[in-house]
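With chain R fixed as given, assemble chain V onto it according to the hints.
Chains as they are written, first to last, in our numbering: chain R, 80 to 438; chain V, 80 to 438.
Fair warning: there could be bad hints in the mix.
Any copy will do: because identical chains look the same in the list, a pair fits if it lies in one copy or spans two.
[As the list claims (entries may be wrong)] Lysine to aspartate or glutamate pairs mimicking DMTMM-like chemistry, simulated, CA-CA at most 25 Å apart:
id, residue 1, residue 2
1, 128, 105
2, 160, 239
3, 156, 183
4, 396, 112
5, 156, 117
6, 396, 81
7, 156, 293
8, 396, 117
9, 156, 294
Please keep in mind that the hints were generated in silico from the structure rather than gathered at the bench.
Spelled out from the first residue to the last, the chains are:
Protein chains: 2
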Amino acid sequence: MESYRVGLVPGPVKVPQEIFNAWRNDYGSSDLESEFFDLYRDNQRLIQKLLATKNDIIITSGEAMSVLWASLKCTLKADDKLLAVSSGLFGEGFAEMARSFGVEAEVCSFPFDEVPEPQKVFDFAKRYRPKVITAVHCETPSGILTPCLEDLGRIAREVDALFVVDFVASAGGVSVDVDRCNIDIGLLGSQKVLSLPPCLSVSSISQRAWSVIEDVNYSGYESFIGWREVPSVLAPYTLDWHAVKALNVSMNMIFREQPEKVYQRHKEAASLCREIGQEIGLKLFPKDERYSSPTVTAFYVPEKFTWPEFDRALREKGLAVGGNYGQLAGKVFRVGHMGSQADCELVREGMDIIRNVAG
Amino acid sequence: MESYRVGLVPGPVKVPQEIFNAWRNDYGSSDLESEFFDLYRDNQRLIQKLLATKNDIIITSGEAMSVLWASLKCTLKADDKLLAVSSGLFGEGFAEMARSFGVEAEVCSFPFDEVPEPQKVFDFAKRYRPKVITAVHCETPSGILTPCLEDLGRIAREVDALFVVDFVASAGGVSVDVDRCNIDIGLLGSQKVLSLPPCLSVSSISQRAWSVIEDVNYSGYESFIGWREVPSVLAPYTLDWHAVKALNVSMNMIFREQPEKVYQRHKEAASLCREIGQEIGLKLFPKDERYSSPTVTAFYVPEKFTWPEFDRALREKGLAVGGNYGQLAGKVFRVGHMGSQADCELVREGMDIIRNVAG
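In isolation and in its complexed conformation, chain R is listed as follows (with noise of 0.2 Å):
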């Protein structure tokens, strides 16, 4: 489908006209203007107070992908060790990028439908003297928030870490408090909760970061280094001002709604989207409702449906979500209500065709 009638795909969301209106401006060159250079600024301290963090925050261009290797290759040199703690694909993924390149990767592994245990993690830690500890706020897969960011950051502290947390899936949808939780990378796309197009990408980064950062002096497309100081010097690659304005409206979007009853509406959405999966009879992937995502809802695919049957059904009546992969390929399929779609009448609407066709 080019379209959905129900879209309830985890990312990339449905994208509001509000936004897309960004593209209907005749922009100059983002190299020379300072409307840019205001825009960008006024991106950065949005942003800023979202994330609750001094920190600096910079856009570039690009798939969130992009700054998710771009943290492990800034900070990393090859033989450098990192601790993922893991409980998802992503988090296991940071092992996985970081070994392609040279780098000692262990996983702090838990099950994918739980969430990590802040001891176990600890006494890894302690024993594993890492350079840096990543983790994930929202694995989208397994639809579960991690819970325990401000533990984890406190670990990450007490051996002398660098914390490094995707919270690509959930910042904006779920409070995140970067400084309290000592994130000192933390990343973000823009086609999950801020319901852009998969177009920017955002990173804060703490003075600790920056630090190593300017140590590893790694260069590439990816790298940090060059960005610091952004807009008061030239980026290293021209940015794209329809995207950036796009971004300007969505955190003017979130912060018009206020942050709080933004919080409390993915919350609502979800609540709804567990309520009437338990009424129909599916299988919750979380272990615990309490590991649950606001932003997407993982559930085992009925057993009577292989996951192509269940997909085509839901389909066939104009419904889309998501799928799987790896070892959940198949088994594990997602409901998405982050940013546009935490939308309690957007989520019935969806849930009553799965209803009709799983009930």
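Leaving out everything else, chain V in the frame of chain R:
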């Protein structure tokens, strides 16, 4: 200025309404829908046709610098040798980028206002035996089009090197014959001739290049690895459907007008620009008018002005042109007549403002 009354910056260029309309569509997930895969394939087919090549075409998210980096990182390991053919800033840039990750790089250097001499390159290459030779088709900062890609491609074959060409600011506005020129990796950005925002990059990759890429096996956001079979396999990250659609609109605009006529339109705009420049008494930067690119014209800043004074005076009358970087900063300015700006009426309007200010 947020937008230009008369915009002649050499990229990002003005985005035509027809291309902006791509952002009015409500697309689903580019990871899931066959309509997206078909669109991506259609772009691959159209770009192959435009570039006269049977090589693979890949379309990735991010500014053109992403594929400039990719072309080096995917083909060169530390201690491999690069020969950068250079008569300009981007030519030299390839060598600097390669050195930053441990590659041995030499520059076969020509003055910025001239074009490469194939015989000198051949002698250099025979002696140096590089693994990769890079060249820049249009040096945007100096407004020069390298006329000898075919010779350089032949030289690369003779010394058994890969031939990498940055045609970011030429392809689509100037004929580029990838297969005839033996271009193993060709690099194109979206914000120049294609007249999109700076959101996508396009690369053409030969079978010879893939062998090297697979041998080097570089991993990272910039890597070409994982893209060879896209869209038959899932891309390494979520693609931007809106941008890929905009690219399709742009390609269809080129084929509707017919490439030969598009090239003629660029030639005429460039010729008019130089003609009026001469009337006004502006000094062309390229040593010989025949070196001047059909996509961008570089003139010396008139002697009675500093660049900031001149720029300010033009801007007061609604005209934006490009300044310069590095050794050309403050000395040479550029009129960008590429893509949507390859328009004699627009060029006349802009040059009349320059006449008014400088004449």
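Hints, verified against the model:
1. In the homo-oligomer, the alpha carbons of residue 128 and residue 105 never lie at most 25 Å apart, since the shortest distance is 29 Å inside one protomer and 30 Å across protomers.
2. In this assembly of identical chains, the alpha carbons of residue 160 and residue 239 lie at most 25 Å apart only when taken from the same copy (12 Å versus 39 Å across copies).
3. In this homomeric assembly, residue 156 and residue 183 come within 25 Å of each other (Cα to Cα) both inside a single copy, at 9 Å, and across copies, at 20 Å.
4. In this assembly of identical chains, residue 396 and residue 112 lie within 25 Å of each other by CA distance solely across copies; the values are 16 Å between and 48 Å within a copy.
5. For a Cα distance limit of 25 Å, the shortest separation of residue 156 from residue 117 qualifies neither inside one copy, at 35 Å, nor across copies, at 40 Å.
6. For a Cα distance limit of 25 Å, the shortest separation of residue 396 from residue 81 inside one copy, 14 Å, qualifies, whereas the shortest one across copies, 44 Å, does not.
7. In the homo-oligomer, the alpha carbons of residue 156 and residue 293 lie at most 25 Å apart both inside one protomer (12 Å) and across protomers (22 Å), since each shortest distance falls under that limit.
8. With identical chains, the CA atoms of residue 396 and residue 117 are at most 25 Å apart between copies only, with a shortest distance of 23 Å across copies and 45 Å within one.
9. Taking the shortest Cα distances, residue 156 and residue 294 sit within 25 Å of each other both inside one copy (10 Å) and across copies (22 Å).
When each numbered hint is compared with the structure, violations occur for hints 1, 5.
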